[in-house]
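> Build the full structure now, drawing on both the sequences and the hints.
For the record, the sequence lines run as chains A and B.
Heads up, the first sequence is in this note's numbering, so the first residue is 849 and it goes up one at a time.
Heads up, the second sequence is in this note's numbering, so the first residue is 849 and it goes up one at a time.
A portion of the hints provided could be inaccurate.
[What the hints assert, rightly or not] Here chain A is said to cover these stretches of chain B; the calculated rule only asks that three of the stretch's residues, wherever they fall, bring their Cβ under 8 Å from a Cβ of chain A: (1) 1141-1155; (2) 1207-1218.
[Unchecked claim] Over the 10 Å line for every Cβ pair with chain A, so calculated as not near, a few chain B residues: (3) Pro929; (4) Ala944; (5) Glu996; (6) Thr1032; (7) Thr1104; (8) Ala1167.
Since the hints were derived computationally from the structure, they do not count as laboratory data.
Beta carbons: idealized from backbone N, C-alpha and C, even for Gly.
If you want the building blocks of each chain, they are given just below.
There are 2 protein chains.
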Amino acid sequence: MRPLLRTKLHPAVVPSISRTGFACSGARALHTTTPPTAFFPRSRPRQARIYPGAPNQHHHIPPHPRTMASSSTTGPVLKKPVTLACIQLASGSDKAANLRHARDKVLEASRTHGAGIVVLPECFNSPYGCDYFPSYAETLLPSPPTREQSPSFHALSEMAREAGVYLVGGSIPEIVESRDEGKTYYNTSLTFSPSGELLAAHRKVHLFDIDIPGKITFRESDVLSPGNKVTVIDLPEYGRIAVAICYDIRFPELATIAARGRRPQQRKDGEQEEEQEPGCFALIYPGAFNLTTGPLHWKLLGQARAVDNQVYVALCSPARDLQATYHAWGHSLVVDPMAQVLVELEEGEDIAVAHLDGGKIAETRKGIPLGGQRRFDVYPDVAAGKVRWEE
Amino acid sequence: MRPLLRTKLHPAVVPSISRTGFACSGARALHTTTPPTAFFPRSRPRQARIYPGAPNQHHHIPPHPRTMASSSTTGPVLKKPVTLACIQLASGSDKAANLRHARDKVLEASRTHGAGIVVLPECFNSPYGCDYFPSYAETLLPSPPTREQSPSFHALSEMAREAGVYLVGGSIPEIVESRDEGKTYYNTSLTFSPSGELLAAHRKVHLFDIDIPGKITFRESDVLSPGNKVTVIDLPEYGRIAVAICYDIRFPELATIAARGRRPQQRKDGEQEEEQEPGCFALIYPGAFNLTTGPLHWKLLGQARAVDNQVYVALCSPARDLQATYHAWGHSLVVDPMAQVLVELEEGEDIAVAHLDGGKIAETRKGIPLGGQRRFDVYPDVAAGKVRWEE
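Below, the structure written as structure tokens:
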């Protein structure tokens, strides 16, 4: 695994940077009664930082019971129904064309299907592959980048605003250049609000390094560096989602932590935060599984994360392109909290549309009340341990 | 949840009790170069105790790398191939008849199918249901119980010896009576060696309390008390298995901890144990899912535990009896470390036979090397936390 880089630009040179390192392109602040999570740039302005350390904000939500438990004790985790669309995009090698095509499909998801949350696939603006990451990579920090530094950032911001949707912008290759450490690449997902503001960035935490002889060998870590945090994003009128990328889904901890909510932490000043954030209503994974592990594990992993965490799970793949060097499995899907597949595509370009309802989460958790049944006296609660929420 | 009981008999009255509280019926010690796990009664004789506290034994296995990693760093977790058989038993209300029938099928699994490990279903000696637990319950402690106290204990010991197999004796209702606290019931699984010795007991940790309106309502906790530990059992010539019961499978922690191996712990004397035990090669769940959650989650949960932990998973159900008050899903199955179903039964009485091979575990972990890829710098390792290995 490559050593991690920390960008060490002086704050003064990036005066618009939020505490999270990623700032929105628009100027309007998000107004929400819920506390800021990691990568909430505008809701709590503070001294500019690139990659802040441990969380230190005050929250003002009533405390949760120890076991996290069902939504009945915390209010609904999904406040009102919402339509989610996964766009199984057919991308090619022309980045500008990919961005235009993504815009058309995002608008279609919104206008034709009424989606309030739209998801694009992993590496939606480029072909997928280690050979392509450097040449397609964009500079995202300091944020906001210029149009030259990141056409994809601006295209995503604009299509989110134009469509009026929360947009999980799949992922794009990101480059960070520093005098000390040279070029570092990440596989990074940007999520925008309906007003075009950047809400969060997730850098793929678990790099896709597999070697199944005669089937597939792939080593993202030859080129990419990993992200270092769990990413949970507040959509004020709906609730929280978690975003992770592709291979991240093989590591249940990210999902478990996101679904159980954020625990009170010891603050830097030594005091204990009193509040806990609710868990997510959906786990969203832009991903590009392959033709070996796709048929075996793609749907299974989506259902596994759903059944264990009793949340919605959305997996968004690129369409399969047999002319490309990497063949994506496709089969974008949405799974409900009972692990039932609500919609699953084939391999061609298409849009997976599903209606998410907080009642289904509550009904599932009431019927099979895992939240109150966990035995944290027998084993630890991974969500109550030391979790990195920020890079 | 009912308060847990601790039997407070004086050790002097139960001189043959092992440190685990459950002792073998035979007299021969297990000779093994691997360290004793919880419920290994004879390999390290010590002062009699009923329900000992935290582990405090010395182990002598070389330390593991921090991330537990693949079998390549730890030697094979399954030392040689073994045939495992899940007997989907058709039990009725006659306990003696159930025990005789179980014996016939265990012998068939051994002699016809060559099984080295045989699994019986949850509540294999009785009908399943809260109304039945008290009337079928047997006294297992002090161990060994008399034949009058536990005919099932002796039947299991004898059929294991007669068949020459490791026998995971599904589960039976257990009663503990104490002057102070009255009667306490557990759902308890006993595992015997090929020489008829009791190796381990697992009391169901997560009680089956669900309420899906119009479908199924069941509350084991109205009658039963829960067990309080993770159960890992060493089969000296093969390696380790984990046993948990039915609803326990919904809680991934037990599986994760068992598959990753036992971490060095702080001993009571303040010193740190230096060694780590290898993880299990198989997770075994005697279970009796129902006709609502069975079709939705039975196979899914088996596959989920396999894909996340890269081990074999065996689920053993009673055969479906539509004359009984509880209708089991059946569909006993064995899943391989790639989450592929090796064998799955229908609902009638049958035997699921699968051949387990350590090479498949190694191949899976080499191809998709989750063990070395986990990011315990981003989230905690649940297996490295405080785990209860003993009641």
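> Take the hints in turn and mark each one as holding or not.
The hints, checked one at a time:
1. 1141-1155: It holds: at least three residues are needed, and the segment 1141-1155 of chain B offers 8 whose Cβ sits within less than 8 Å of chain A.
2. 1207-1218: Our answer is that it holds, as 5 residues pass the Cβ test (under 8 Å) against chain A, meeting three.
3. Pro929: The claim holds: Pro929 of chain B sits with its nearest Cβ about 21 Å from chain A, beyond 10 Å.
4. Ala944: Consistent with the label, Ala944 of chain B stays out of reach of chain A, its closest Cβ about 35 Å off (over 10 Å).
5. Glu996: Holds, since 32 Å exceeds 10 Å.
6. Thr1032: holds (17 Å)
7. Thr1104: Not fine: 8 Å to the nearest Cβ puts Thr1104 of chain B too close to chain A.
8. Ala1167: For Ala1167 of chain B, whose nearest Cβ neighbour in chain A is about 24 Å away, the distance exceeds 10 Å, so it holds.
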